[in-house]
Amino acid sequence: MGVLESKVPSGPLAEKWDKHKNEINLVNPANKRNIDVIIVGTGLAGGAAAATLAELGYNVKTFCYQDSPRRAHSIAAQGGINAAKNYQGDGDSAYRLFYDTIKGGDYRSREANVYRLAQESVNIIDQCVAQGVPFAREYGGLLDNRSFGGVLVSRTFYAKGQTGQQLLLGAYSAMNRQINRGKIKAYNRHEMLDLVLVDGKARGIIARDLVSGEIQRHSAHAVVLATGGYGNVFFLSTNAMGSNVMASWRAHRRGAFFANPCFTQIHPTCIPVSGEHQSKLTLMSESLRNDGRIWVPKKKEDAVAIREGRLKPTELAEEDRDYYLERRYPAFGNLVPRDVASRAAKERCDAGFGVNKTGEAVYLDFSAAIMRYGKEKALTSGIKNPDEATIKKLGEEIIEAKYGNLFQMYEKIVDQNPYKTPMMIYPAVHYTMGGLWVDYNLQTTIPGCYSAGEANFSDHGANRLGASALMQGLADGYFVLPYTIGDYLSDDIRTGPISTESSEFEQAEKDVQERISKLMSGSGQNSVDYYHKKLGKIMWNKCGMARNEQGLKEAINEISELRKDFWENVKVPGSSEGKNQELEKAGRVADFLELGELFAKDALTRNESCGGHFREEYQTPEGEALRDDENFKFVSAWEYKGEPKDAVLHKEDLVYENIELKTRSYK
Amino acid sequence: MKLFLKIWRQANANSKGKFTEYTLDGIEGDMSFLEMLDILNEDLIAKSEEPVEFDHDCREGICGMCSLQINGEPHGPDRGVTTCQLHMRRFSDGDTIVIEPFRAKAFPVIKDLIVDRSAFDRIQQAGGYVSVNTSGNTIDANAIPIEKENADNAFNAAACIGCGACVAACKNASAMLFTSAKVSQYALLPQGQVEATDRVMSMVKQMDLEGFGNCTNTGACEVECPKGISLENIARMNREYYAASIKG
Amino acid sequence: MSGLIKSSLARKVVMALSGLFLVVFLTQHFVINFTSVIAPETFNEWSHFMGYNPLVQFVLQPILIGGVVIHFIMGFVLEIQNKKARGIGYAKYNGGANAPWTSRNMIITGAVVLAFLGLHFYDFWVHEMDYKYVSGLAEDPTRYHEETVEKFAPFWRTVIYVISFVLLSMHLWHGFNSSFQTMGVNNKYSPAIKTITKLFSVIIPLGFIFIALYHHLNPITH
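Chains as they are written, first to last, in my numbering: chain A, 75 to 741; chain B, 23 to 270; chain C, 313 to 534.
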């Protein structure tokens, strides 16, 4: 298989992980004290890995650009975390979770990794509860579950609409315990600017103290990159403003292959764009699709009347509404996977049925659920012959208990009451399945450089199912990486501390300094945001929910030109000494300008439609994605060769021994 | 709309800051407060002036990074929101808006409107955790049922985003609401019981060491908290603390 | 126990407990004073008992004075610490938006009550000490009512008393209820406690004001 060796253990699927754990090398506790590990990023994957590695005895240094590890963007995940606990007794199992994830990912992920994820999912819930994570519970005191898109069981554990926050605070508390023990040294408000390789192995990083501006060298025996996804290449996304690809991209430039960059998830339920000055998009949890029904008007004239404010959605009769997801996908209805729901919304809006001013929004309507819950509640509370207002009131109370914080958030942003009038939603960039290529041990193609969580490509294929990102981040961090990394570090027990005085560190620091001075010395015509917004527009229009050959070719040229313009004309005010947010942004956008081009190139190479990657040329007559397993059943792993256009494609063929490849159908 | 801004500018931790006035036109109601500042910064960059530095990240009210004192209130005049969730429709044409960093001795200014809240991290490090190894070899998650009311209250306490609005609002710059939220979360769950005594003693000790003020029960913190953390948590922490003191 | 003495929470407890103690004293004081309006004989009887019972004089009185001193000293100490905790102040601080005036200005209402206590001590306590120990006059169980009423003859003194009681009311309005929160009481009974403490903080000072005005308007004519 050439340079890409997945290192998937042999043996039956269900036994691979245990077998592997039994066979890999371990580092004895006394030796762990002599080994340093750097972890960049302190979200679920990074925070969890830091806690476990420190607990095992390694000396850990963590880096995050935020002022505290607790603020990593994992915190914003709303809906929940999947685990094959089968507490509901609805037939769930590790195999079913594995199967759903592979199918949801449109058969573009590695079987063994996904099965391991499903196996570890149950431990995550046990672990988090032991840490004091306050999951939602039923009246009997046991854990509650809800269902999410793309599956037929209830396996999602949640903490209101703040599951990511609670899980991250759990990992952060585990980190705090180790910080208190002196086993983790946390470098907050620090940003990794380069990866340092010594003798071909990752041995440290160059970081910038974002407060003092100081460029620092940090060495370690291994480096873990857990820096999240690159959705901000689109400028507008549900990612945090600071989310960036820099750490991954710097590693890519040093030799780590970048896998499937074009696999991006566009989340169907976000608050629509309101104006030119919008800086980010806000997600409305997918859990809303449990109770909300998605529709647009059946007749174009009604859509036009709504857009012009002449007609209110509540005035439109039931038979004049098109519940297009229920119509097209009767089996899964409003709970189809995210890619399918997003494309269906785009299809309706492109056809002229959009319902907000810009015509880029569909309705998410809770009135049916409100009445249904209201009737149930009236019945169980013994209210006889309740009138409609009473039912509505009771129903609204139940909806509020379930989604109150989301409804409030919506009202704050849009200034409309979603209990009275349907929500308006539209798809937005949310998650990137692509990332650094890693083997079964989560090691990149650079020895000693590991990647965990959203930053790697490993588990979600071409589309991620809801409530699986948290699962992967924590599984990687708590239960996978700390063991697999030992196999590598067992060779380093006699290495001793890595010096930061070597020529490699010196050269890397020089490179970083030069890059900073180059960024600071642009001709000063346009701000960093100007370029970022331009890049975002190209990406959204040509590499977004639907892509075609011509658009992608244009995108490649346009991004390449924009990058050239950026380096010549960007304006970074202030100085590189001390806090300078424009300089921070500039470094990140510079990398997005390279990644964006590789993204388009990857999308252009993949002549099929699968998951979040929809090529207009490859679709069925009904407009469904047309996958090509014969020619594209592989992971694209790109090797850096200077300009993105020169990147070399390596293919990791995906082997399915336990699952039969089928056309994904949610009808 | 047209706005007059009075913004605190301070080059770094050691320099003396001062207010600078700016006028901004063309602001729309749909913009968030931070998007309004983005526009100001684009203007400043175009004029080759240094943009105003402020902390922000998720811009959806959950990371707790944004930290502005707006017209004398943390996160501005709206209730239950962070600065990033405050929208300009809350203001009127011709308004003057005073923007300052959160002020507390324990939150030194880093630059302009950015403050250092690492004191909060240190309070958590003093004991804001359950000492359980992250091996996954724990008991089954459903082995200990937890009364729903306690689980819900623990969640409500755990909803704290650590933004520091409580400290900023408090006339005494007290961190009691923050500290008590974490203490409460664990006090309400069986998993937190084992270390309860040490936890509350260590966290309160660290809180005092950081130089936060004393709680005088004005309730300003609860009103300004974007996540509605209740004063009940402070009472609970007091109880925990007295019990722990008597125990040893 | 050492934690209870050094920490910020300990200082809060001291404030709350000494405050609650003073509330109890205030109630007792009010009950006795009220008899001066409705039953001067009883007033004399009780006053005499309080003035000459050794338990009251040599145990309870020092405790009371100690309570007052601790409450005030701690109040000022906390205020200084709290001011320091802010460091550089806000240019614009809209305290009224999130907390009532009374809760934010306990130091002002407290200081006024303290000043009033000075006058009050001078009026009654110093007088008693002089009567009993300096001048060494004989016991007279019937003198108290007349002495008390006479004190309220001057208009200025009555006005000072009335104003002071208004400020005491404001002090209690926050302080009394707040002490329960400090002691860790915040539960389903809290709304009831709040109502009771707020009623108390209005009714008792109003009662004192009534007594002062009553005596001012009904001087004893010989």
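Just so you know, these hints were derived from the structure itself, not from any lab. A hint or two may mislead.
If you want the footprint, here are the derived chain B segments under chain C, 3+ residues with CB under 8 angstroms [claimed, not checked]: (1) 48-62; (2) 89-100; (3) 118-128; (4) 153-161.
These figures come from a predicted structure and were not determined experimentally. A virtual CB, placed ideally from N, CA and C, is assigned to each residue, including glycine.
Okay, the hints, checked on the actual structure:
Three residues within the 8 angstroms Cβ limit are the bar, and the segment 48-62 of chain B against chain C gives 0, so the coverage statement is violated. Counting residues of the segment 89-100 of chain B whose beta-carbon sits less than 8 angstroms from any beta-carbon of chain C gives 5, enough to reach three: the coverage restraint holds. Counting residues of the segment 118-128 of chain B whose beta carbon lies closer than 8 angstroms to any beta carbon of chain C gives 6, which reaches the threshold of three, so the coverage claim holds. For the segment 153-161 of chain B, the stated coverage by chain C is not satisfied: 0 residues place a CB nearer than 8 angstroms to a CB of that chain, which falls below the threshold of 3.
Against the hints set out earlier in the document, violations occur for numbers 1 and 4.
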